[in-house]
Amino acid sequence: MNYNWNWGIFWDQTPDATGTYFGSLMSGLQVTILLALCAWFIAFVMGSLIGIMRTLPARWAVFVGNAYIEMFRNIPLLVQLFIWFFVVPELLPGDLGIWIKQLRNGPFIAAMLGLGFYMSSRVAAQITAGINALPKGQRMAGTAIGLTTWQTYRYILLPLAYRIIFPPLTSEFLNTIKNTAPALTIGVLELTARARSMQEFSFQVFEAFSAAAAIYLVLSAVVTIGMRIIEKRLAIPGFNGGK
Amino acid sequence: MPMITIEKVSKWYNPQFQVLKNCTTTVEKGEVVVVCGPSGSGKSTLIKTVNALEPVQEGTITVDGLNVTTMKKDLPKLRSRVGMVFQHFELFPHLKIVENLCLGQTIVLGRSEDAAKTKAMKMLERVGLTAHAQKYPGQLSGGQQQRVAIARALVMDPICMLFDEPTSALDPEMINEVLDVMVELAKEGMTMMVVTHEMGFAKKVANRVIFMDAGEIVEDAQKEDFFGHPRSDRAQHFLSKILAH
Numbered sequence: 001m002n003y004n005w006n007w008g009i010f011w012d013q014t015p016d017a018t019g020t021y022f023g024s025l026m027s028g029l030q031v032t033i034l035l036a037l038c039a040w041f042i043a044f045v046m047g048s049l050i051g052i053m054r055t056l057p058a059r060w061a062v063f064v065g066n067a068y069i070e071m072f073r074n075i076p077l078l079v080q081l082f083i084w085f086f087v088v089p090e091l092l093p094g095d096l097g098i099w100i101k102q103l104r105n106g107p108f109i110a111a112m113l114g115l116g117f118y119m120s121s122r123v124a125a126q127i128t129a130g131i132n133a134l135p136k137g138q139r140m141a142g143t144a145i146g147l148t149t150w151q152t153y154r155y156i157l158l159p160l161a162y163r164i165i166f167p168p169l170t171s172e173f174l175n176t177i178k179n180t181a182p183a184l185t186i187g188v189l190e191l192t193a194r195a196r197s198m199q200e201f202s203f204q205v206f207e208a209f210s211a212a213a214a215i216y217l218v219l220s221a222v223v224t225i226g227m228r229i230i231e232k233r234l235a236i237p238g239f240n241g242g243k
Numbered sequence: 001m002p003m004i005t006i007e008k009v010s011k012w013y014n015p016q017f018q019v020l021k022n023c024t025t026t027v028e029k030g031e032v033v034v035v036c037g038p039s040g041s042g043k044s045t046l047i048k049t050v051n052a053l054e055p056v057q058e059g060t061i062t063v064d065g066l067n068v069t070t071m072k073k074d075l076p077k078l079r080s081r082v083g084m085v086f087q088h089f090e091l092f093p094h095l096k097i098v099e100n101l102c103l104g105q106t107i108v109l110g111r112s113e114d115a116a117k118t119k120a121m122k123m124l125e126r127v128g129l130t131a132h133a134q135k136y137p138g139q140l141s142g143g144q145q146q147r148v149a150i151a152r153a154l155v156m157d158p159i160c161m162l163f164d165e166p167t168s169a170l171d172p173e174m175i176n177e178v179l180d181v182m183v184e185l186a187k188e189g190m191t192m193m194v195v196t197h198e199m200g201f202a203k204k205v206a207n208r209v210i211f212m213d214a215g216e217i218v219e220d221a222q223k224e225d226f227f228g229h230p231r232s233d234r235a236q237h238f239l240s241k242i243l244a245h
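Protein chains in written order, with my numbering: chain Z, 1 to 243; chain E, 1 to 245.
Errors might be hidden in some of the hints.
Covered stretches of chain Z, going by a simulated chain E footprint (3 or more residues, C-beta under 8 Å) [stated by the list, open to error]:
id: 1; stretch: 25-36
id: 2; stretch: 74-80
id: 3; stretch: 146-153
id: 4; stretch: 162-176
Listed next, with one range per pair, are the computed distances between beta-carbon atoms [what the hints assert, rightly or not]:
id: 5; chain 1: E; residue 1: 115; chain 2: Z; residue 2: 92; range: 28 to 38 Å
id: 6; chain 1: E; residue 1: 66; chain 2: Z; residue 2: 75; range: 30 to 40 Å
id: 7; chain 1: E; residue 1: 184; chain 2: Z; residue 2: 61; range: 42 to 52 Å
id: 8; chain 1: E; residue 1: 232; chain 2: Z; residue 2: 71; range: 32 to 42 Å
id: 9; chain 1: E; residue 1: 237; chain 2: Z; residue 2: 154; range: 43 to 53 Å
id: 10; chain 1: E; residue 1: 237; chain 2: Z; residue 2: 64; range: 48 to 58 Å
id: 11; chain 1: E; residue 1: 74; chain 2: Z; residue 2: 56; range: 13 to 23 Å
id: 12; chain 1: Z; residue 1: 73; chain 2: E; residue 2: 17; range: 52 to 62 Å
id: 13; chain 1: E; residue 1: 180; chain 2: Z; residue 2: 154; range: 28 to 38 Å
Everything labelled a hint here was simulated from the structure, so no lab data went into it. A virtual CB, placed ideally from N, CA and C, is assigned to each residue, including glycine.
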């Protein structure tokens, strides 16, 4: 293979003269992290709501929850991003649609919504599984001391369910980080987009994508370690593996 | 006025399967009523209908004069006044023992943290578990957990207590510590409805015994009559098996 290695390329100026390639990758990393956090916020809140709905006694709630999950889980993420970016603004009333299309942060907002709702369906499935994994008697015991349905969830079922599903939730958060990459297709300048532009301008394809891959790995490792620490803090003696 | 009345109560899990068939009985204030019968006879279901944990399709149940079968909004309030003890304890595993005892007091009854804690400690002393107040349920033995569960019901100042097979998930050596607490309660005049196979307990403290089979109340008699000369064949058969040893 005839390839001209140049690991010093990261310290070269980018053609738009705003800084080094390294700086460009770092600003991409910032966008990736910000996008992942915003999307995760939506995923966590919506996922919790929908996941809880699917465990309520009311049949309509279960139906709505199931329909939500099927819709957001079974349409490819890329298609959902395109829908949020290209289709939704057209569906909004005239001025509002135009205003949204002209927003400087338009791509970011569309990616945040698309990724957030897509991941929320997966979070919802986990929450439901966590609540259903609890002994039926826990709900009864809460009800029997006079707690309302909402209070039973708030004080008993949810604190237990979130602990049970903490490990799978960690991996859903990691998925959220990784799934920010397709956002480059609607113009979000996140890490992968920055690596691609570096490759296009410098022709240093190996360096650019090795750097991106390494940054994703480090980011995931940091998150995993952080989540492990939180998980240990939340462990309860005598419950679910706690000592 | 009886504390609990159960009148012509029927319940179906699905159109084919009837768990309760036209059950009628009452529990007077201060009375201890033991409900027994073979497994699957509907006794656990019956006791759970009293605080509406299990809905019924036909009949009427009243507690302290209030109709629980038609009640909706006030159900939580009523339930808070009816103590319930479960077969598998059902302590809240993420809360310390003392917190288990405070949750209902502060959230449902609106007591202050301090008042709730004082009451909780008093009740823990009563069941002999003061030393375990800061532990989690998973760190206690089954018998200790069940005593905590009784204390959790008692801190709410219940007007009556329901026990759903409180000793059947326990190792044999732990049964007595739980029964002792229950005997004590009965002697103090607590109104109790107890689903159990512990015939020794029934003989000692029960006023009446209800025998159920296949969803029906087959026999509802004073303790002496039930153990002395049960009228139905089914009750005789059940007793001969359970008292054989």
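Quick rundown of the hints versus the structure:
1. Only residues whose C-beta sits within less than 8 Å of a C-beta in chain E count toward coverage, and the stretch 25-36 of chain Z has 0 of them, not enough to reach three; the restraint is violated.
2. Using a Cβ-Cβ cut-off of 8 Å, 0 residues of the stretch 74-80 of chain Z lie near chain E, which falls short of the minimum of three, so the contact claim is violated.
3. Check result for the stretch 146-153 of chain Z against chain E: holds, 4 residues qualifying (beta carbon to beta carbon below 8 Å, three or more required).
4. Here the stretch 162-176 of chain Z counts 1 residues with a CB under 8 Å from a CB of chain E, which misses the bar of 3, and the coverage is violated.
5. Residue 115(E) and residue 92(Z) have their C-beta atoms about 55 Å apart, which leaves the hinted 28 to 38 Å range violated.
6. Here the CB-CB span from residue 66(E) to residue 75(Z) is close to 51 Å, at odds with the stated 30 to 40 Å.
7. Distance hint for residue 184(E) and residue 61(Z): a CB-CB separation of about 44 Å, consistent with the stated range 42 to 52 Å.
8. Between residue 232(E) and residue 71(Z), the C-beta spacing of about 58 Å breaks the proposed range 32 to 42 Å.
9. Distance hint check for residue 237(E) and residue 154(Z): the Cβ-Cβ separation is about 48 Å, which falls inside the suggested range of 43 to 53 Å.
10. Checked against the given bound of 48 to 58 Å, the beta carbons of residue 237(E) and residue 64(Z), roughly 51 Å apart, stay inside it.
11. With their beta carbons about 21 Å apart, residue 74(E) and residue 56(Z) fall inside the hinted range of 13 to 23 Å.
12. Against the hinted window of 52 to 62 Å, the Cβ-Cβ separation of residue 73(Z) and residue 17(E) comes to about 35 Å, which falls outside the hint.
13. For the pair residue 180(E) and residue 154(Z), the supplied restraint of 28 to 38 Å holds, since their beta-carbon distance comes to about 35 Å.
Consistency with the previously given hints fails for numbers 1, 2, 4, 5, 6, 8, 12, ordered from lowest to highest.
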